[in-house]
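So the protein sequences, as listed, match chains A and B. Position one of the first sequence corresponds to residue 0 (numbering that gives the first Met the number 0), numbered consecutively onward. Position one of the second sequence corresponds to residue 0 (numbering that gives the first Met the number 0), numbered consecutively onward.
The set of hints was computed from the structure by calculation and includes no laboratory data. Wrong hints could be hidden among the right ones.
Said to hold, decoys possible - Here are the simulated DSSO-like pairs of lysine-lysine, each with C-alpha atoms no more than 30 Å apart in a straight line:
1. A:K205 <-> A:K181
2. A:K181 <-> A:K155
3. B:K46 <-> A:K205
4. B:K58 <-> B:K46
5. B:K43 <-> A:K181
6. A:K155 <-> A:K310
7. A:K221 <-> B:K47
8. A:K471 <-> B:K58
Unchecked claim - A few chain A positions that, by computed beta-carbon distances, are all more than 12 Å from chain B:
9. E329
10. E449
11. D491
Computed from a predicted model, the values in this text were never measured in an experiment. All C-beta atoms in this analysis are idealised placements derived from N, C-alpha and C, irrespective of residue type, glycine included.
Residues per chain are reported as follows:
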Amino acid sequence: MSMNNHGRPTGTGTSGFASTSGSALLPNEPLLFEIGDTEHSGVDLPDVTIATDRLGGFERRMPLDLAGLTEPEAMRHYVRLSRLNHSIDSGMYPLGSCTMKHNPRLNEKMARLPGFADIHPLQPVYTVQGALELMNQLSHWLMTLTNTAAVALTPKAGAHGELLGMMAIKAAQDAAGQGHRKVVLVPESAHGTNPATAAFLGYSVKAIPARDDGTVDVQAVKDALSADVAAIMLTNPNTCGLFEPQVIEIAEAIHDAGAFFYCDGANFNAIMGVVRPGDLGIDAMHINLHKTFSTPHGGGGPGAGPVVLSKALAPFAPVPFVRKDGSGLELVEHAEGDALGRITAFQGQMGMYVRALTYMLSHGGDGLAQAAQDAVLNANYIKARLAHAFSVPFGDYPTMHEALFDDSFLAGTGVTTLDFAKALIDEGFHPMTMYFPLVVHGAMLIEPTESESKQTLDRFCDVMEELAADAKAGNAARFTAAPLKAPRRRLDETRAARSPILKWERAEETLKAAE
Amino acid sequence: MTTRFTPDHEYIRVEGSTGIVGITNYAQEALGDIVFVELPSVGKALKKGDEAAVVESVKAASEIYAPVSGTVTEVNEELSGNPGLINADPEAGGWIYKIAIADAGELDGLLDDAAYADLTK
Numbered sequence: 000m001s002m003n004n005h006g007r008p009t010g011t012g013t014s015g016f017a018s019t020s021g022s023a024l025l026p027n028e029p030l031l032f033e034i035g036d037t038e039h040s041g042v043d044l045p046d047v048t049i050a051t052d053r054l055g056g057f058e059r060r061m062p063l064d065l066a067g068l069t070e071p072e073a074m075r076h077y078v079r080l081s082r083l084n085h086s087i088d089s090g091m092y093p094l095g096s097c098t099m100k101h102n103p104r105l106n107e108k109m110a111r112l113p114g115f116a117d118i119h120p121l122q123p124v125y126t127v128q129g130a131l132e133l134m135n136q137l138s139h140w141l142m143t144l145t146n147t148a149a150v151a152l153t154p155k156a157g158a159h160g161e162l163l164g165m166m167a168i169k170a171a172q173d174a175a176g177q178g179h180r181k182v183v184l185v186p187e188s189a190h191g192t193n194p195a196t197a198a199f200l201g202y203s204v205k206a207i208p209a210r211d212d213g214t215v216d217v218q219a220v221k222d223a224l225s226a227d228v229a230a231i232m233l234t235n236p237n238t239c240g241l242f243e244p245q246v247i248e249i250a251e252a253i254h255d256a257g258a259f260f261y262c263d264g265a266n267f268n269a270i271m272g273v274v275r276p277g278d279l280g281i282d283a284m285h286i287n288l289h290k291t292f293s294t295p296h297g298g299g300g301p302g303a304g305p306v307v308l309s310k311a312l313a314p315f316a317p318v319p320f321v322r323k324d325g326s327g328l329e330l331v332e333h334a335e336g337d338a339l340g341r342i343t344a345f346q347g348q349m350g351m352y353v354r355a356l357t358y359m360l361s362h363g364g365d366g367l368a369q370a371a372q373d374a375v376l377n378a379n380y381i382k383a384r385l386a387h388a389f390s391v392p393f394g395d396y397p398t399m400h401e402a403l404f405d406d407s408f409l410a411g412t413g414v415t416t417l418d419f420a421k422a423l424i425d426e427g428f429h430p431m432t433m434y435f436p437l438v439v440h441g442a443m444l445i446e447p448t449e450s451e452s453k454q455t456l457d458r459f460c461d462v463m464e465e466l467a468a469d470a471k472a473g474n475a476a477r478f479t480a481a482p483l484k485a486p487r488r489r490l491d492e493t494r495a496a497r498s499p500i501l502k503w504e505r506a507e508e509t510l511k512a513a514e
Numbered sequence: 000m001t002t003r004f005t006p007d008h009e010y011i012r013v014e015g016s017t018g019i020v021g022i023t024n025y026a027q028e029a030l031g032d033i034v035f036v037e038l039p040s041v042g043k044a045l046k047k048g049d050e051a052a053v054v055e056s057v058k059a060a061s062e063i064y065a066p067v068s069g070t071v072t073e074v075n076e077e078l079s080g081n082p083g084l085i086n087a088d089p090e091a092g093g094w095i096y097k098i099a100i101a102d103a104g105e106l107d108g109l110l111d112d113a114a115y116a117d118l119t120k
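Okay, chain A solo, but in the shape it has when bound (with noise of 0.2 Å):
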């Protein structure tokens, strides 16, 4: 038998990885076209015995420009990307308002059950009852955790879900005749997704200035409220780290003026377990099951950003849901009344849906509370060990889930805030979030997450105090130079931004061009 129908022989073997790389460890890793060839194909494949093909000519005629690599040619070179690469996996990964969690092993062996992981969104709903069983049973443990009275499970991430949420607010809005009401509030502090996503509904957005404190200025919302105003975009915990302890009277003083309350709930794991949103007047808010509860994200994992609605907002949930009928689970595919229909092709995350509720079946309701708290607790934690050697924008007020830092403690030192960060790196930890919220100059927002032990954040704030006291000594180059020990040293940000190259080009194109 001969192999390769295509033309492509198999190949004898990639040009020689070694001889291309660095060391075993740390390789300068090249493109797979760098590694394989257009010419060769890593797979034997048999001829086609097909006589004649029923595609009517319009076969393909040129060669396929992909490069042929073995599977395990294939299989190094992620492998040694990934190791190029910090992740929650190797090591603390504090990027505040990012949540980054263990993504615990039970979540992966469900999710690779044959009944979550095989199935087709196609397949007769007879057939996927299980999948609809846990879709169901999410929905309710959301909508539990929230006290809210229903919830789409569809959208994709975060930002998906605020637009869906303030979708739904626009839907009710125009069916009740208030379509005319055009601005949204939206805090000085607020995740930049928020302003964006009114935007993009066709909303002007009004910024509600932050106290002193950090906390929303809750006169400035009340003066700020018209007939004009559809809605309130706030998040609570806020990005500074601080629960608004004033959410109940901002949330009345926005229904009493006739508009709704979308809560961005990128912080909900704060206070999962603990405090029920609806019970703080919420209408509308985004759940981020790839932080809240865990799931492998970051690096591109993908994102799960269900939003759970008030009873006035629930008519206008967007299909598909899960419905119990006689005989089982059915999927209301159909919008039906003022719903909205679909935002996403299918069901949405699965995945994630498996991993989400598999996170709190192992914890439990009583369980959850107490990750929250433990969150809540080490934020505290770093934040007490390090206000001595860092400076802390709002005072004594307990922090939620994150701590936050700003830059005046580097004042004078030549040391700025990416600087910080970049020398953070070469002491193994992954940067904490830099400069935002942007309401806090030079920021540094820091989220243990519960994941991380006493041990781990006593290591990490060890460093921390280290680095501190080296940039007031006035060891200024250690920070401007760094990262020293990463695969790559630091990046010219502008240059790539200014100048970027957006396309790889063969070195042999790139040379005729040249010619």
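Chain B: place on chain A using the hints.
Okay, now just chain B, sitting in the frame of chain A:
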């Protein structure tokens, strides 16, 4: 020729009935390396305080507001290819747009050199 400033760090250099608008040296230092400028379209009518342009640096994207009402008469096309001009020469070569001033009285509400220097002290 006078130059006036907004508390949001735009300047407007007045030449007859035209104003040349950009961001101050203080602003470019705070923003860091500028990597992209979204220019307004010529002929666009702006009210004082309207968003006129967007300046993106490695740190943040910032809206540039109209210091006075008027109509955009010219934009600095050179910034499209060379946004770093704003860093190198913010108050001359790094100007962003020119505006036909609708109401010269609005200039009185802006800051003069001394008041702006005070603000950024």
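Results of checking the hints against the structure:
1. A:K205 <-> A:K181: 10 Å, holds
2. A:K181 <-> A:K155: 26 Å, holds
3. B:K46 <-> A:K205: With Cα atoms ~17 Å apart, B:K46 and A:K205 stay inside 30 Å; holds.
4. B:K58 <-> B:K46: 28 Å, holds
5. B:K43 <-> A:K181: Measuring from Cα to Cα gives roughly 23 Å; hence the hint holds.
6. A:K155 <-> A:K310: The given pair, whose Cα atoms are some 23 Å apart, holds under the 30 Å limit.
7. A:K221 <-> B:K47: The hint holds at about 25 Å.
8. A:K471 <-> B:K58: 24 Å, holds
9. E329: With a cut-off of 12 Å, A:E329 remains clear of chain B, as the shortest Cβ separation is near 46 Å.
10. E449: Consistent with the label, A:E449 stays out of reach of chain B, its closest Cβ about 31 Å off (over 12 Å).
11. D491: 10 Å, violated
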